[in-house]
Amino acid sequence: MTTFHVIHIVVGLWLALVNVTNILASTTLSWNNLIMGLIIAGYNLYYLFSQKQVDVQS
1 MTTFHVIHIV VGLWLALVNV TNILASTTLS WNNLIMGLII AGYNLYYLFS
51 QKQVDVQS
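Mapping the sequence shown onto my numbering, position 26 (from 1) lands on 26, and the numbers just tick up by one.
Take these hints with a grain of salt, some might be off.
[As the list claims (entries may be wrong)] DEER-style ranges, computed between Cβ atoms: (1) Asn-22 with Asn-44: 15 to 23 angstroms; (2) Thr-3 with Asn-33: 28 to 36 angstroms; (3) Ile-35 with Ile-9: 15 to 23 angstroms; (4) Val-10 with Trp-31: 15 to 23 angstroms; (5) Val-20 with Ala-41: 35 to 43 angstroms; (6) Ser-50 with Ala-25: 14 to 22 angstroms.
Hints are computed from structural coordinates only; laboratory data are not their basis.
Where a beta carbon is used, it is the ideal one built from N, C-alpha and C, also for glycine.
Based on the sequences and whatever the hints tell you, model everything.
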């Protein structure tokens, strides 16, 4: 498992769990989702255009 996959697991868990807890207020939650979405998109674009191999090697 690469760093790419670990980051996606952690970010995915955060996005899934933050919505059902009282950690953030509703306005902060909107900003959180926007910022996390931009981070995920930027990270994926980096790997898409840098031609890195992100598949799990078996």
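Run through the hints listed earlier and report the numbers of any the structure violates, in increasing order.
Numbers 1, 2, 5 and 6, in rising order.
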